[in-house]
Amino acid sequence: MLLINSFYKNLLGREGYLMFSLPVSTNKLISAKVISNVIWIIFSVLAFIISASALAFTMIGLSGEDPVTIVTPTFEEIAHTLSQVVLLAVFLLMGDSRLLKPLL
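In the working numbering, the protein residues as written are -6 to 97.
The set of hints was computed from the structure by calculation and includes no laboratory data.
Be careful, since some hints might not be right.
As the list claims (entries may be wrong) - Computed beta-carbon distance windows for the label pairs:
no., residue 1, residue 2, range
1, 78, 19, 25 to 33 angstroms
2, 9, 33, 13 to 21 angstroms
3, 76, 6, 30 to 38 angstroms
4, 71, 8, 32 to 40 angstroms
5, 52, 15, 44 to 52 angstroms
6, 57, 80, 32 to 40 angstroms
Model, not experiment: these values are computed from the prediction.
Glycine included, C-beta positions come from ideal geometry on N, C-alpha and C.
Using the sequences and the accompanying hints, generate a full structural model.
Below you can see the structure in the form of structure tokens.
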């Protein structure tokens, strides 16, 4: 929600007047904002994964079970999902919608 609010303020609010006075096309301004927001989202997701993993390892360590048998399937699912998200982002940045049909 903060990213959407930032996007709105920087492009459509009072700050937008200064942004659109730059000698750059509107497409480049919006692309730069989208790319920076995607990077922030990726960092946020990574921070969440690290925090959740630390919590999970702590809970597994306290339970006394074998961590490998519990954690391996979870990380495989996370890796698969993240690979699809990265591929989707790359295809969107490339702008070729024909490549997105197999993913969607």
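Item to check | Ascending list of hint numbers which this structure does not respect | outcome: No numbers; nothing is violated.
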